[in-house]
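2 protein chains.
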Amino acid sequence: MKIIAFITETVVMREILGHLRVPAKECKTNRAHLKVIERWLRSYRPEELWDEQGRPHADIVALCPKAERRMAMNPHTNGGKLRRPLDLPPLEDFSVDARGRGEVRVSGMETLGKYLAEVIRRSEPQRHFRIVCPDELESNKLGAVLQTTQRQFAWPVPRHSENIAHSGAVLEVLSEHNCQGWLQGYLLTGRHGLFPCYEAFISIVDGMMNQYAKFLKAAGEVPWRAPVSSLNYLLTSETWRQEHNGYSHQGPGFINNLLTKKGHTYRIYLPPDANTLLSTIRHCLRSTGYINLIIAAKHPLPQWLSPAEADEHCRVGASVWRWASTHGDEEPEVVLAGCGDNLTVEVMAAAQILGEEAPAWRVRVVNVTDLQVLGIPQKYPHGLDEDRFQRLFPLGCPVVFNFHGYTAAIKQLLWERPQNERFDVNGYREEGTTTTPFDMQVRNKTSRWHLVILAAQKLAARNPRMAALAEELVRKYEGKLNEHHAYVRATSIDPPEILNWCWQVR
Amino acid sequence: MKIIAFITETVVMREILGHLRVPAKECKTNRAHLKVIERWLRSYRPEELWDEQGRPHADIVALCPKAERRMAMNPHTNGGKLRRPLDLPPLEDFSVDARGRGEVRVSGMETLGKYLAEVIRRSEPQRHFRIVCPDELESNKLGAVLQTTQRQFAWPVPRHSENIAHSGAVLEVLSEHNCQGWLQGYLLTGRHGLFPCYEAFISIVDGMMNQYAKFLKAAGEVPWRAPVSSLNYLLTSETWRQEHNGYSHQGPGFINNLLTKKGHTYRIYLPPDANTLLSTIRHCLRSTGYINLIIAAKHPLPQWLSPAEADEHCRVGASVWRWASTHGDEEPEVVLAGCGDNLTVEVMAAAQILGEEAPAWRVRVVNVTDLQVLGIPQKYPHGLDEDRFQRLFPLGCPVVFNFHGYTAAIKQLLWERPQNERFDVNGYREEGTTTTPFDMQVRNKTSRWHLVILAAQKLAARNPRMAALAEELVRKYEGKLNEHHAYVRATSIDPPEILNWCWQVR
Numbered sequence: 001m002k003i004i005a006f007i008t009e010t011v012v013m014r015e016i017l018g019h020l021r022v023p024a025k026e027c028k029t030n031r032a033h034l035k036v037i038e039r040w041l042r043s044y045r046p047e048e049l050w051d052e053q054g055r056p057h058a059d060i061v062a063l064c065p066k067a068e069r070r071m072a073m074n075p076h077t078n079g080g081k082l083r084r085p086l087d088l089p090p091l092e093d094f095s096v097d098a099r100g101r102g103e104v105r106v107s108g109m110e111t112l113g114k115y116l117a118e119v120i121r122r123s124e125p126q127r128h129f130r131i132v133c134p135d136e137l138e139s140n141k142l143g144a145v146l147q148t149t150q151r152q153f154a155w156p157v158p159r160h161s162e163n164i165a166h167s168g169a170v171l172e173v174l175s176e177h178n179c180q181g182w183l184q185g186y187l188l189t190g191r192h193g194l195f196p197c198y199e200a201f202i203s204i205v206d207g208m209m210n211q212y213a214k215f216l217k218a219a220g221e222v223p224w225r226a227p228v229s230s231l232n233y234l235l236t237s238e239t240w241r242q243e244h245n246g247y248s249h250q251g252p253g254f255i256n257n258l259l260t261k262k263g264h265t266y267r268i269y270l271p272p273d274a275n276t277l278l279s280t281i282r283h284c285l286r287s288t289g290y291i292n293l294i295i296a297a298k299h300p301l302p303q304w305l306s307p308a309e310a311d312e313h314c315r316v317g318a319s320v321w322r323w324a325s326t327h328g329d330e331e332p333e334v335v336l337a338g339c340g341d342n343l344t345v346e347v348m349a350a351a352q353i354l355g356e357e358a359p360a361w362r363v364r365v366v367n368v369t370d371l372q373v374l375g376i377p378q379k380y381p382h383g384l385d386e387d388r389f390q391r392l393f394p395l396g397c398p399v400v401f402n403f404h405g406y407t408a409a410i411k412q413l414l415w416e417r418p419q420n421e422r423f424d425v426n427g428y429r430e431e432g433t434t435t436t437p438f439d440m441q442v443r444n445k446t447s448r449w450h451l452v453i454l455a456a457q458k459l460a461a462r463n464p465r466m467a468a469l470a471e472e473l474v475r476k477y478e479g480k481l482n483e484h485h486a487y488v489r490a491t492s493i494d495p496p497e498i499l500n501w502c503w504q505v506r
Numbered sequence: 001m002k003i004i005a006f007i008t009e010t011v012v013m014r015e016i017l018g019h020l021r022v023p024a025k026e027c028k029t030n031r032a033h034l035k036v037i038e039r040w041l042r043s044y045r046p047e048e049l050w051d052e053q054g055r056p057h058a059d060i061v062a063l064c065p066k067a068e069r070r071m072a073m074n075p076h077t078n079g080g081k082l083r084r085p086l087d088l089p090p091l092e093d094f095s096v097d098a099r100g101r102g103e104v105r106v107s108g109m110e111t112l113g114k115y116l117a118e119v120i121r122r123s124e125p126q127r128h129f130r131i132v133c134p135d136e137l138e139s140n141k142l143g144a145v146l147q148t149t150q151r152q153f154a155w156p157v158p159r160h161s162e163n164i165a166h167s168g169a170v171l172e173v174l175s176e177h178n179c180q181g182w183l184q185g186y187l188l189t190g191r192h193g194l195f196p197c198y199e200a201f202i203s204i205v206d207g208m209m210n211q212y213a214k215f216l217k218a219a220g221e222v223p224w225r226a227p228v229s230s231l232n233y234l235l236t237s238e239t240w241r242q243e244h245n246g247y248s249h250q251g252p253g254f255i256n257n258l259l260t261k262k263g264h265t266y267r268i269y270l271p272p273d274a275n276t277l278l279s280t281i282r283h284c285l286r287s288t289g290y291i292n293l294i295i296a297a298k299h300p301l302p303q304w305l306s307p308a309e310a311d312e313h314c315r316v317g318a319s320v321w322r323w324a325s326t327h328g329d330e331e332p333e334v335v336l337a338g339c340g341d342n343l344t345v346e347v348m349a350a351a352q353i354l355g356e357e358a359p360a361w362r363v364r365v366v367n368v369t370d371l372q373v374l375g376i377p378q379k380y381p382h383g384l385d386e387d388r389f390q391r392l393f394p395l396g397c398p399v400v401f402n403f404h405g406y407t408a409a410i411k412q413l414l415w416e417r418p419q420n421e422r423f424d425v426n427g428y429r430e431e432g433t434t435t436t437p438f439d440m441q442v443r444n445k446t447s448r449w450h451l452v453i454l455a456a457q458k459l460a461a462r463n464p465r466m467a468a469l470a471e472e473l474v475r476k477y478e479g480k481l482n483e484h485h486a487y488v489r490a491t492s493i494d495p496p497e498i499l500n501w502c503w504q505v506r
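Residue numbers (the numbering used here), protein chains in the order written: chain X, 1 to 506; chain L, 1 to 506.
Just so you know, these hints were derived from the structure itself, not from any lab.
A few of these clues could be false.
Said to hold, decoys possible - In the EDC-like style, the derived pairs of lysine to aspartate or glutamate whose C-alpha atoms are separated by at most 16 Å in a straight line are:
#: 1; chain 1: X; residue 1: Lys445; chain 2: X; residue 2: Glu416
#: 2; chain 1: X; residue 1: Lys25; chain 2: L; residue 2: Glu331
#: 3; chain 1: L; residue 1: Lys445; chain 2: L; residue 2: Glu472
#: 4; chain 1: L; residue 1: Lys262; chain 2: X; residue 2: Glu48
#: 5; chain 1: L; residue 1: Lys476; chain 2: L; residue 2: Glu357
#: 6; chain 1: L; residue 1: Lys217; chain 2: X; residue 2: Glu431
#: 7; chain 1: X; residue 1: Lys379; chain 2: L; residue 2: Glu431
#: 8; chain 1: L; residue 1: Lys480; chain 2: L; residue 2: Glu357
#: 9; chain 1: X; residue 1: Lys262; chain 2: L; residue 2: Glu431
#: 10; chain 1: X; residue 1: Lys261; chain 2: L; residue 2: Glu431
#: 11; chain 1: X; residue 1: Lys217; chain 2: L; residue 2: Glu138
#: 12; chain 1: L; residue 1: Lys261; chain 2: X; residue 2: Glu431
#: 13; chain 1: L; residue 1: Lys25; chain 2: X; residue 2: Asp59
#: 14; chain 1: L; residue 1: Lys379; chain 2: X; residue 2: Glu478
What the hints assert, rightly or not - Residues of chain L placed beyond 10 Å of chain X at every Cβ, according to the derived structure:
#: 15; residue: Pro23
#: 16; residue: Lys217
#: 17; residue: Ala408
Stated by the list, open to error - For the chain X half of the interface with chain L, some residues (derived, Cβ under 8 Å), not all of them:
#: 18; residue: Phe201
#: 19; residue: Asn210
#: 20; residue: Lys411
C-beta: ideal position from N, C-alpha, C; glycine also.
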């Protein structure tokens, strides 16, 4: 067996080294070719290396270093054994007062930046946390960390440089490949890290992430490998807010790529507000063995949940927001579900419109922060069991689902769920340009007005009693969409009713 | 408007040049900031550039080159206008004799290599066809093209180099990024090309492909841009045949990435044999305006279709293979569908087993070569209309679908089809290692034996009359899977009944 393994190895090596030009490749059928191979292999004098059973001779074995001196026993090759948990600060010091539901507007990234600054401060004695970033830390609104640490730079620091020094916890270079490579090495040697990136450009490392996900799966299958800290991607400067950069900067496809991986090797989080984001990041920085993908906005957005509610929402991954639903605990007639912070705003606005325009309709609001909950638990460790899933999304009740990314992500997760045709999934339809934030929602049919129209259509189709009011709403909000189309082209800004919109607590 | 555009541009430029550090960023609310911005902008003396209405002064306009001298009128900036079609050779000269159905085994890539050699020979007078490849032309079994042309190399050609010269139609470098960039430039200036690549590694250019797909969408929306030749990816050294390279070389995820793009910007082809591959490549080399993705094996595989049948199969994108189905034109009780050449072999073998073991069962074989046919025509230009779709896949009839790639690709395409729960989709489950070809099918539950078991389970669930025989088959083929598990670990090769399997014409 060992000789066979050796031969295979050597042939494979030659194949690689010889630019895939294999000599004597017909050795199975051509005796002359076989002779060539035999002469070549015999030149290694295998009889001096192995005995008759293919075991290496004692003098060969004696050459190998013993015990801890073996190369593969270098502790840095099994970094999980070196890993010491981060000293994470309490979330209370950074959380947002969300009383008033949606009244306070906060940038999740600015909130997170302050938390990360403290994570870095506490990690300094152990020097085991780093942020890698393609030169976007400040444009991603995480600049607060630079009040605690510096960008590390090995060469002489140029004059007029800002926040650059010979030592620091931040590594910035405009190469996503470089960032990914740095972070993998850092994690695999037992440390912790975070990779913030413009959402659309993380696909540059798709190929590297593919291989890392394969490594995680394979590493989990051998008992002696201690798990390393998770690889944490933080995607912001997101698809929906590219009013300056436009279409080239819109691309939520990293989700779809990650979804092709083994369900136990990754997690995907789309926290709806800053408190949920804080709870999510703490969870990710504690976790081991995953690729964690966190997607959140950098622009100020309404805050929905108290710190305790946010923690609980993160723990279960998806919840009914009863305070935003109508008719309390009655059976809903339609569910409006949001996943992703910008898309959740549209869901909330649609729920409010329906509450005002059709107060008799029973509308439930659900929010999903952990994408895997939608899948079946046999395939996704965080998949809700079917009973629990139906407590959120009752059988027979239409769901208008508003998703941050491409709809294909949701469709594949829901595929195995019974009656999946009750889900009407809306998301980024690859429609974009340099336009206003609300126009992006309109172009992709995820706007509050589209959601109202969809909900009205679904309800009317199931209940003729609702048809007349539904038709009125469809007409009215189609009209508003037309008005918006003209308005935004004339003014290049969103109309005041969108800009000044605020959730009204019922 | 122009001044506003100028200001926006300048601010954006400073933002980019100044490493995203924006000076005086509160100019909307802070009068001192506004003053700074105003002083800076006035330093350009706008009154010398524009009149009161924001129109440039005549002397400024006079500086612009006229008509054809304008930079953007360089014909190479609108390459579609320069494009001349390729002189493509007749397929008959290269097609495979597939009489005997499955008897002849041929490498699709070797067949294609000879065709491409002739494409290159005929393109030489115009010098408008190139192959770019990450140094894999020969390992992808396309070496025949090197009998017609050379690898082009700008530096002095080293001694002992093979098929390298200062001029040639092949550009090889082990950088997928470089290949993609070369090809985009070549196509955009009016020429034609092909990008063969190991399937698993094309994800390296996901980010570049994303942007090119956005370009194609946007370019199609302006009337003055003439379409350029399609960007043709040819993926081989495929996921299912990595018995030497193993898990790292298995990755069909490029399909999923392409599926996130606008339906009219791409096509995805998985031809089941060499004649279908020839017909596909001819179609792609004639087409304009798309990203074409072609996935086919390089190892010898059974040949199923005559040249005329292959052409027709490609034209419609998916067909019932009546000659492989049982009970001719009767209503089927189960459909076995294959998409991808290796996966089609398993479908054919399963159909044959069922024909022998359960001759009373009505089994239909369908093959899909153009992936978009599965989607709805409102979204995918090649999507079959629902009537036609149901002529292939009747409502109420279970479908066991065997797919080359990740199952998510099929699930998202089928999402909008009525009764999509009748499809049981199997594909690459991200399970792999350095193992035999058939063991790859077994590990991913796409093997003929898995298909037999699935078909039997589906039929028994719908028709109690079939349950006893179905249970017998399930037991028998579960037993064979267990035997295989032991056999392949003991011998490292597939069992003779797999290696020597051949389709038997009925």
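Taking the hints in turn, this is what the structure says about them:
1. X/Lys445 to X/Glu416: Cα-Cα ~26 Å, so violated.
2. X/Lys25 to L/Glu331: Distance of about 50 Å is beyond 16 Å: violated.
3. L/Lys445 to L/Glu472: 19 Å, violated
4. L/Lys262 to X/Glu48: Measuring from Cα to Cα gives roughly 63 Å; hence the hint is violated.
5. L/Lys476 to L/Glu357: Judged against 16 Å, a Cα distance of about 11 Å means the pair holds.
6. L/Lys217 to X/Glu431: Given pair lysine 217 of chain L, glutamate 431 of chain X holds - Cα atoms ~9 Å apart, limit 16 Å.
7. X/Lys379 to L/Glu431: 13 Å, holds
8. L/Lys480 to L/Glu357: 15 Å, holds
9. X/Lys262 to L/Glu431: 9 Å, holds
10. X/Lys261 to L/Glu431: Distance of about 10 Å is within 16 Å: holds.
11. X/Lys217 to L/Glu138: 32 Å, violated
12. L/Lys261 to X/Glu431: 10 Å, holds
13. L/Lys25 to X/Asp59: 73 Å, violated
14. L/Lys379 to X/Glu478: Violated, at roughly 22 Å.
15. Pro23: 13 Å, holds
16. Lys217: 7 Å, violated
17. Ala408: 4 Å, violated
18. Phe201: Result: holds, 7 Å to nearest chain L Cβ.
19. Asn210: 6 Å, holds
20. Lys411: 4 Å, holds
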